[in-house]
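Q: Sequence:
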Amino acid sequence: MNKISGLLFLLFISVNVFCQLEEPLVPDSCVEEVKFINPIEKIAIFPGGNDALICFIENNLNWELLNKIDTIGKFYVAFIIDSTGICQYQSTLRSIDERLNEEYKRILNMSPKWTPAKLNDKNVPSSFSLAVQLPYVRKCKNEENE
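The sequence shown maps to residues -19 to -1, 1 to 127 in mature numbering (1 follows the signal peptide of the UniProt record, and there is no 0).
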C-alpha cells in the first residue's frame, strides 16, 4: 500500500511540473535604455594618426633596455587622454617586466598633445590602450627604419 501511495504521489507531482506553461522571453523587455560605460563620438587622435604614434614610441624607446629583456609575451599599456589632450599614463596590464612599465610611462609622459575625444561637441577624457608584443618588431614606416 505504501508503494502505491508513493507512486501516486510522485505521479501527481510530476504532472503538476509538466503542466506549467513556459512563457516565451520577450527580448529587451527588462531594458529601458542602453547606456555605454565610456561613450564617445570621436576618439582621441595622436598628431599624425596611429602610424605617427608608433613612430613616436619607436623613436623614443630605449632599444638598449628593450634588447636586455629576454622575455617573450604580450603586455598592454593603458593610459588616459584628458579633455585638454594631455596623455596621462595609467597602468600596465599583464606586466612582463617593471623596466618596460617605467619605459612606456616615460615615453607616454613625453607625448605631444593629442586631439581629445569628443562627446556632444565637448572635449572629454578617454581611455586608450596599446598591445606590445615581445620580442618587439619595428613597425614604423619612415626612412630611418627602412
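If you are wondering where the hints come from, they were derived from the structure by calculation, not from laboratory data. Take these hints with a grain of salt, some might be off.
[Claimed, not checked] Straight-line Cα separation of at most 35 Å, DSBU-like style, residue types lysine-lysine; simulated pairs:
id, residue 1, residue 2
1, K49, K86
2, K55, K120
3, K86, K120
4, K120, K23
5, K103, K122
6, K49, K103
7, K99, K49
Q: A separate judgement is required for each hint: does it hold in the structure or not?
A: Do the hints match the structure? See the list:
1. K49 <-> K86: Holds, at about 18 Å.
2. K55 <-> K120: The hint holds at about 16 Å.
3. K86 <-> K120: holds, 20 Å
4. K120 <-> K23: holds, 25 Å
5. K103 <-> K122: holds, 33 Å
6. K49 <-> K103: It is violated: about 44 Å lies between the C-alpha atoms, which goes past 35 Å.
7. K99 <-> K49: violated, 40 Å
Violation of the numbered hints given earlier is confined to hints 6, 7; the remaining hints are satisfied by the structure.
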